[in-house]
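So the chains spell out like this:
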Amino acid sequence: MKKLSARRRHPLAAFVVLLLALAATGGLYATLAPGEAKADNSAQSLAIEEGKRLYDVGCATCHGNGGQGSSDGPSLVGVGAAAVDFQVGTGRMPLQQPGPQAEEKPEVYSQEEIDQLAAYIASLGPGASVPEESLYDPAGGDPAQGGELFRTNCSQCHNFSGQGGALTHGKEAPNLHDVDPRYIYEAMLTGPQNMPSFPNTVLTEEDKQDIIAYLNEVNTSSSAHQGGLSLGGYGPVGEGLFAWVAGIGALVACAVWIGARSTKARKS
Amino acid sequence: MSTANDAPQRRGKAPAGERLADWADGRVGLYALAKANMRKVFPDHWSFLLGEIALYSFIIIILTGVYLTLFFEPSMSEVEYAGSYKPLQGVMMSEAYASALHITFDVRGGLLVRQIHHWAALIFVAGIFIHMLRVFFTGAFRKPREVNWLFGFLLLVLAIFTGLTGYSLPDDLMSGIGVRFMEGAILAVPVVGTYLQMFIFGGEFPGHDIIPRFFVVHILLLPGIMLGLVVAHLILIVYHKHTQYAAPGRSNNVVVGPPLLPVYMAKAGGFFFLVFGVITAIAATVTINPIWALGPYRPDKVSTDAQPDWYLGFSEGLVRMMPGWEWVLPGGYTLNFGLLIPVIVFPLLLVVIGVYPFFEGWVTGDKREHHVAERPRNNPTRTAFGMAWLSEFAVTMLAGGNDVWAVNFNLSINAITWFCRIGFFVVPPIVFIITRRWCLGLQRRDREKVLHGRESGIIKRLPHGEFIEVHEPLPPEKLYQLVSHDQSEPYEVGPEVDENGVRRRISPLERARARISRGYFGENAQIPKPTREEYQELTSGHGHH
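So the sequences go chain by chain: A and B. Numbering of the first sequence is given in full-length UniProt numbering, commencing with residue 1 and proceeding in unit increments. Numbering of the second sequence is given in full-length UniProt numbering, commencing with residue 1 and proceeding in unit increments.
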């Protein structure tokens with residue numbers, strides 16, 4: 001102790017104390033700080049790096065250099081990997097042209113690239129991650145319950161059985177025919193375009209799965225068509241048009257045929 | 001080898017058919033009835049069969065409706081669905097909806113019969129509609145047929161309401177939205193709206209009464225009245241005899257056509273089966289109102305693409321077009337113009353066409369009987385009015401389906417709605433003017449054809465090098481068709497002053513009538529048809545022209 005107290009006025013003492021304090025603070029921080037800051041997962045950091053590279057080429061023009069958004073596109077901080085997987089995976093992003101809303105089109109990126117982009121966007125801030133397959137497997141849901149939920153929450157825009165419908169100023173709620181259950185799940189989770197989001201506090205994971213089970217039952221290529229051709233499922237407008245064009249059309253043709261079969265004497 | 005020739009040699013009893021006929025004659029006077037009606041003639045033209053489309057669909061609707069009634073449960077009590085349609089199993093729903101699903105999935109032939117019933121209903125109203133248009137555009141509503149026109153018009157209105165009540169019965173989500181829409185319209189009626197609503201629904205919406213009440217109205221009250229009107233309509237047709245198109249040998253006093261028996265009966269009977277066949281073929285291949293996909297009605301649920309059947313599309317369109325204006329009067333009373341104005345325009349649009357014959361009768365002052373149908377071009381103003389009315393109907397229909405057009409043609413729903421709002425006022429006048437000019441052009445062409453003949457397509461070169469097209473004179477029967485119509489004179493109010501030089505009192509109504517009549521028959525409203533002198537001068541004179 002004497003040795004220490006004798007040197008307390010040594011010119012280097014302050015430095016030593018400072019070093020010790022820094023070491024203690026650093027050590028404490030290293031042990032207590034949140035895990036993701038460590039960036040020790042090399043595959044993950046590689047994906048983020050690749051994603052950033054793709055982002056800078058394909059997305060930064062509108063969404064800004066660091067995903068902070070610009071006058072041409074919203075901020076992507078905190079939208080999560082699920083939003084990226086939905087928007088890029090269904091071809092809606094990158095945007096082809098400005099318009100009422102982004103249209104679905106053939107996707108530009110491979111699934112691997114999409115995952116990298118998603119990893120990069122997820123690294124910007126916490127958000128919904130891509131769901132596990134068990135969450136959106138239609139087999140795990142109750143279609144009847146899903147139908148009730150669909151009619152309560154979705155049919156206002158997407159029509160009774162998800163055939164799609166018009167929104168204001170050229171926007172639309174798309175037809176859900178044969179949409180991959182994963183994208184339906186992600187859309188509910190993230191609320192893309194004009195759709196409100198339904199986080200798990202609003203529609204629980206089971207609710208979402210029920211809705212997916214319902215859509216799988218009524219609006220896929222393999223769904224049963226009980227009554228014959230469905231005329232697009234748009235309801236009475238299509239039916240009325242069909243009654244006039246095909247129904248009355250055929251009957252007037254019959255009438256013309258009968259009217260032409262006359263008994264009057266023909267010219268010889 | 002006909003049986004008639006064999007008859008005198010026959011021994012023993014008469015054939016069974018003859019004995020049956022004898023038996024019936026002795027009891028209901030069959031022979032007198034048959035003698036009077038069997039040779040009744042019915043003019044031959046395809047457009048005279050349009051009303052039969054409606055008549056036969058009506059019969060089909062009644063037949064299929066009886067079958068559906070056997071299984072339908074008009075009750076709004078809640079049950080849990082336990083039928084065979086998987087996506088609804090375990091869902092709570094009204095008994096009406098459950099029984100409609102039962103008909104669809106668990107009754108033999110139920111879905112087919114339900115689809116025939118619904119398709120036939122759409123075609124029934126469409127058939128009435130085109131039949132009405134045929135009668136309108138050929139002036140077949142003129143004296144003595146105004147009352148029969150009214151019967152037909154009433155049938156159209158009743159058919160619309162029968163359709164509305166039937167659409168509401170299955171209590172699926174779409175039909176419930178329709179009933180809610182109707183309730184809103186009733187509530188928008190000033191002063192009595194809420195009372196009416198309570199009266200019709202037996203309490204707050206939806207209550208437990210509306211389906212049973214609609215059931216009685218749909219299967220008993222309205223069809224009963226309609227059946228009576230159909231019979232009256234047919235009796236009047238027999239009494240007036242059918243109209244016919246002008247041709248040599250046909251006139252106001254002579255109807256020409258095949259007799260009721262056997263020719264016309266065979267045609268009409270065959271046409272019934274054609275109508276039944278076409279409707280059944282459609283019902284067997286194309287689905288209509290897939291109630292299972294719509295889910296049960298609950299007032300807290302709603303869907304897009306909720307529209308009425310086509311015949312009420314115009315009412316839907318009127319509401320969709322109308323801006324949602326409302327006034328709150330002092331005292332807290334709300335006037336909801338967004339619904340009130342459509343509720344007023346809806347019946348007006350129908351009544352305008354319903355009372356038109358009386359309007360035209362008043363304008364023309366024509367008290368003669370007419371049994372020869374006019375060609376639409378020969379009454380340009382009437383034809384133009386009809387087309388303008390149709391275009392108004394079309395604009396409202398367009399507005400009624402604005403969301404479906406928007407989503408299928410990548411349009412903005414707002415743009416469609418604005419197009420319809422402006423078009424509601426602008427399109428009918430434009431259509432009126434175009435149609436009238438068009439009819440006059442056709443009249444000019446008829447005149448040209450009568451005087452100069454038909455263009456033969458043969459070009460002839462004359463010795464001095466001139467090219468001319470050879471015109472062929474029309475055959476006499478064709479000429480008759482083109483010139484046999486009447487051309488009325490406009491109504492005049494007479495001189496302004498009487499013989500003593502005193503100003504006569506002429507009511508503004510009379511002046512208006514004269515003005516409208518000039519619009520119908522004045523100088524610019526019809527092309528004078530060729531006179532005999534004009535024709536003879538041109539045809540007997542210097543050859544080609």
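Calculated from the structure, these hints are not laboratory results. Glycine included, C-beta positions come from ideal geometry on N, C-alpha and C. Treat the hints with care, since some could be wrong.
Claimed, not checked - What follows is a list of derived Cβ distance ranges for each label pair:
#1 A:THR152 to B:THR69: 31 to 37 Å
#2 A:LEU241 to B:ARG503: 56 to 62 Å
#3 A:GLN96 to B:GLY522: 57 to 63 Å
#4 B:THR285 to A:GLY78: 50 to 56 Å
Said to hold, decoys possible - Computed list of chain B residues with no C-beta within reach of chain A, every gap over 10 Å:
#5 LEU33
#6 LEU49
#7 ARG108
#8 PRO223
#9 GLY324
#10 GLY331
#11 GLN487
#12 PRO490
#13 TYR535
Okay, the hints, checked on the actual structure:
1. Remark: the range hint 31 to 37 Å for THR152 of chain A to THR69 of chain B is upheld by a beta-carbon distance near 32 Å.
2. In this structure the supplied range 56 to 62 Å holds for LEU241 of chain A paired with ARG503 of chain B, their Cβ-Cβ distance being about 59 Å.
3. GLN96 of chain A and GLY522 of chain B have their C-beta atoms about 59 Å apart, which keeps the hinted 57 to 63 Å range intact.
4. Distance hint for THR285 of chain B and GLY78 of chain A: a CB-CB separation of about 52 Å, consistent with the stated range 50 to 56 Å.
5. Non-interface status of LEU33 of chain B relative to chain A is upheld: no Cβ of that chain comes within 10 Å, the nearest being about 24 Å off.
6. Its closest Cβ contact with chain A, about 4 Å, brings LEU49 of chain B to no more than 10 Å, contrary to its assignment away from the interface.
7. Non-interface status of ARG108 of chain B relative to chain A is upheld: no Cβ of that chain comes within 10 Å, the nearest being about 15 Å off.
8. In this structure PRO223 of chain B is separated from chain A by more than 10 Å, as the shortest Cβ-Cβ distance comes to about 20 Å.
9. Residue placement check: GLY324 of chain B keeps its beta carbon more than 10 Å from all beta carbons of chain A (closest about 14 Å).
10. Chain A leaves GLY331 of chain B outside its interface by the beta-carbon criterion, the shortest separation being 35 Å against a cut-off of 10 Å.
11. Consistency note on GLN487 of chain B: stated as away from chain A, and its beta-carbon is indeed over 10 Å from all of that chain's, at 28 Å minimum.
12. The non-interface label for PRO490 of chain B is consistent with chain A: the shortest C-beta to C-beta separation is roughly 36 Å, beyond 10 Å.
13. Separation of TYR535 of chain B from chain A is adequate, the least Cβ-Cβ distance of about 25 Å exceeding the 10 Å criterion.
Violated hint: 6 only; the structure is consistent with all others.
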